[in-house]
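Student: My request is simple: use the sequences and hints to build the entire structure.
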Amino acid sequence: SLVSSLVYIKKLYNFSKQAGQSEELNKIKKEFKNRIGRQLTDIALLESTLNEQRESNSKSSAIEEQIDGLNKGLRELRFSINQKIASFIEKEASEQDWDTILKDLKQNNRSLRDQIDEERQELYKLGVSETDYLSEDIGIRYSQQEYEKTQLELEHILGEIKNQEDKIQKLKYRICEKTKADPSISWEELIENLRQKRQEVQNELREVTASIVAGFSVHKVISKLREEEDAKIQEGLQSEVVLSPLKDITQRYNRLALDNDRLIVSDQYDNFGIRDLSTGAIEQVMLALRIGFTSKLLREDALFLILDDAFQHSDWQKREILINKLADIAKKGWQIIYLTMDDHIKGLFDKFSKEFEAGKYNSFEL
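Just so you know, we're using full-length UniProt numbering here: the sequence shown kicks off at 1 and counts up by one.
In case anyone wonders, no lab produced these hints; they're calculated from the structure. What you are looking at is a predicted structure, and each value in this text was computed from that prediction instead of being measured. Take the hints with a grain of salt, since some may be wrong.
Stated by the list, open to error - Cross-link-like lysine-lysine pairs, in silico, PhoX-like; alpha carbons within 20 Å at most: (1) K332 with K351; (2) K332 with K296; (3) K360 with K332; (4) K232 with K296; (5) K296 with K318; (6) K167 with K178; (7) K325 with K296; (8) K180 with K170; (9) K84 with K59; (10) K167 with K149; (11) K149 with K125; (12) K170 with K149; (13) K296 with K247; (14) K197 with K178; (15) K325 with K351; (16) K318 with K351; (17) K354 with K331; (18) K296 with K331; (19) K224 with K247; (20) K91 with K106; (21) K331 with K346; (22) K325 with K354; (23) K178 with K247; (24) K318 with K247; (25) K247 with K332; (26) K172 with K197; (27) K72 with K84; (28) K354 with K332; (29) K106 with K84; (30) K125 with K167; (31) K172 with K162; (32) K232 with K220; (33) K360 with K325; (34) K84 with K103; (35) K91 with K103; (36) K197 with K180.
Stated by the list, open to error - Derived CB-CB ranges, DEER-like: (37) Q199 with Q164: 23 to 33 Å; (38) A214 with G333: 44 to 54 Å; (39) S278 with A257: 13 to 23 Å; (40) S278 with V201: 23 to 33 Å.
Note that beta-carbon positions come from the ideal geometry of N, C-alpha and C, so glycine has one too.
Tutor: So, in structure tokens, the structure goes:
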């Protein structure tokens, strides 16, 4: 090295100087100038130059170490770059091709960005929120028509859910009305209240059922008694005791019958429902029935009759017959009380009263 040469020159210079060899000294000066580029004037210059070279040599060693470190880092960086490029192009590439590959990658990146922007615009047109994007392809191509169809079905389902919820809420209100519960209570409490209400209704139902069964039994008994009574009434309607006053009072009808709940009155030509008769005729028939059935039930015993203007709808000729019939049964001990506002009827009673002993007939005006 240069430092070693200078050390050698210094030793040789000292030796030549001591030996007085000028020729050798000239060679040394020449060698110094060749190496340093300066004239060697004295030993001091040689020593200062030697010191400078030693200092430069020390700095050179440090620089060489830095260069070695930088070269190592450069090799690692090249290796890393080569690995990344290989991962992009899926093959090894030489360093001289890196610029071309980098340009291609940048161009590809710009193309991808443009494509991404176009896809984003298409997605925006679909009106789908980013939160609804799928992270993986499910293998189904998007269809706007299918989307709208599915959306309509979803709205229909949501509407049905709403309807069912409304029905459930209405049902809850109805149950609350029956159980007298607060609509804000939970379904668990409401169901328990409904169970208790159901138990109460079942108990009431058993009681009502028992009452119905008992009532049915009573109805059967009453129906049987009614049948017996109807038979007795039918027998009574056909008895002479009842028919005799009918003939005397009406001067027309001679038969009676019971058709379910309808009373049938007959003459020698036809049958009539009592409701089809005139008001006067109905009053005559009813009076005959009162007299006839009372006579049949009590036989020889006498009772009393209270009549409230019962003959006001009868014609004048029939009035006389009716009052005459009352006079006949009064002679048998019957007590007759007749209330009237009709002067004609009062006059007829006054007329027939002459057939009675004194004190047997009384008339009062109110």
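Student: Against this structure, judge whether each hint is valid.
Tutor: Right, here's what the structure says about each hint:
For the hint linking K332 to K351, the alpha-carbon distance of about 19 Å falls within 20 Å, and the restraint holds. Straight-line distance between C-alpha atoms of K332 and K296 comes to about 14 Å, which keeps the hinted pair within the 20 Å bound. Taken as a hint, the K360 and K332 pair is honoured in the structure, with Cα atoms around 12 Å apart against an allowance of 20 Å. Restraint check: the Cα-Cα separation between K232 and K296 comes to about 11 Å, which is no more than 20 Å; the hinted pair holds.
Under the criterion of a C-alpha separation no larger than 20 Å, the hint pairing K296 with K318 is inconsistent with the structure, at around 24 Å. Taking the CA atoms of K167 and K178, the gap is about 16 Å. The hint holds against a cut of 20 Å. Using a Cα cut-off of 20 Å, the hinted pair K325 and K296 holds, with the two alpha carbons roughly 17 Å apart. A hinted pair counts as satisfied when its Cα atoms are at most 20 Å apart, and K180 with K170 qualifies at roughly 15 Å.
A distance of roughly 37 Å separates the Cα atoms of K84 and K59; the hinted pair therefore is violated under the 20 Å criterion. A threshold of 20 Å between alpha carbons decides the hint, and for K167 with K149 the separation of about 27 Å lies outside it, so the pair is violated. A distance of roughly 18 Å separates the Cα atoms of K149 and K125; the hinted pair therefore holds under the 20 Å criterion. With a C-alpha separation of about 31 Å, the suggested pair K170 and K149 falls outside the 20 Å cut-off, and the hint is violated.
Distance hint between K296 and K247 is fulfilled; the C-alpha atoms sit about 16 Å from each other, no more than 20 Å. The hinted pair formed by K197 and K178 meets the criterion: a straight-line CA distance of about 8 Å does not exceed 20 Å. Restraint check for K325 and K351: the C-alpha separation of about 13 Å stays at or below 20 Å, so the hint holds. Annotation: proposed proximity of K318 to K351 holds, straight-line Cα distance about 15 Å (limit 20 Å).
Restraint check: the Cα-Cα separation between K354 and K331 comes to about 12 Å, which is no more than 20 Å; the hinted pair holds. Between the alpha carbons of K296 and K331 the distance comes to roughly 18 Å, so the proposed pair stays at or under 20 Å and holds. For a cut-off of 20 Å, the pair hint linking K224 to K247 is broken: about 32 Å separates their Cα positions. At most 20 Å may separate the alpha-carbon atoms for a hinted pair to count; K91 and K106 meet this at roughly 18 Å.
Between K331 and K346, the direct Cα distance comes to roughly 19 Å. Compliance with the 20 Å bound is thereby established for this hinted pair. Distance check on the hinted pair: K325 and K354 sit about 15 Å apart at the alpha-carbon level, within 20 Å; holds. For the given pair, K178 sits about 64 Å from K247 by alpha-carbon distance, which is inconsistent with the 20 Å threshold. Between K318 and K247 the CA atoms are separated by roughly 12 Å; this keeps the pair inside 20 Å, and the hint holds.
Of the pairs offered as hints, the one joining K247 and K332 holds, with about 19 Å between alpha carbons and a cut-off of 20 Å not exceeded. At most 20 Å may separate the alpha-carbon atoms for a hinted pair to count; K172 and K197 meet this at roughly 14 Å. A hinted pair counts as satisfied when its Cα atoms are at most 20 Å apart, and K72 with K84 qualifies at roughly 19 Å. At roughly 16 Å between alpha-carbon atoms, K354 and K332 fall within 20 Å of each other, so this suggested pair holds.
A distance of roughly 14 Å separates the Cα atoms of K106 and K84; the hinted pair therefore holds under the 20 Å criterion. A threshold of 20 Å between alpha carbons decides the hint, and for K125 with K167 the separation of about 39 Å lies outside it, so the pair is violated. Simply put, K172 and K162 have alpha-carbon atoms about 15 Å apart, close enough for the 20 Å limit, and the pair holds. Pair hint K232 plus K220 holds up; C-alpha atoms about 18 Å apart against a cutoff of 20 Å.
Distance hint between K360 and K325 is fulfilled; the C-alpha atoms sit about 16 Å from each other, no more than 20 Å. For a cut-off of 20 Å, the pair hint linking K84 to K103 stands: about 15 Å separates their Cα positions. Among the hinted pairs, K91 with K103 is consistent with the structure: their alpha-carbon atoms are about 17 Å apart, no more than 20 Å. The suggested pairing of K197 with K180 holds, with an alpha-carbon distance near 10 Å, which does not exceed 20 Å.
Between Q199 and Q164 the CB atoms are about 28 Å apart, so this pair conforms to the stated range of 23 to 33 Å. A C-beta distance of roughly 45 Å is found between A214 and G333, which places it inside the suggested range of 44 to 54 Å. For S278 and A257, the hinted distance range of 13 to 23 Å is satisfied, since their beta carbons lie about 20 Å from each other. The hinted window of 23 to 33 Å between S278 and V201 is violated, with their beta carbons roughly 54 Å apart.
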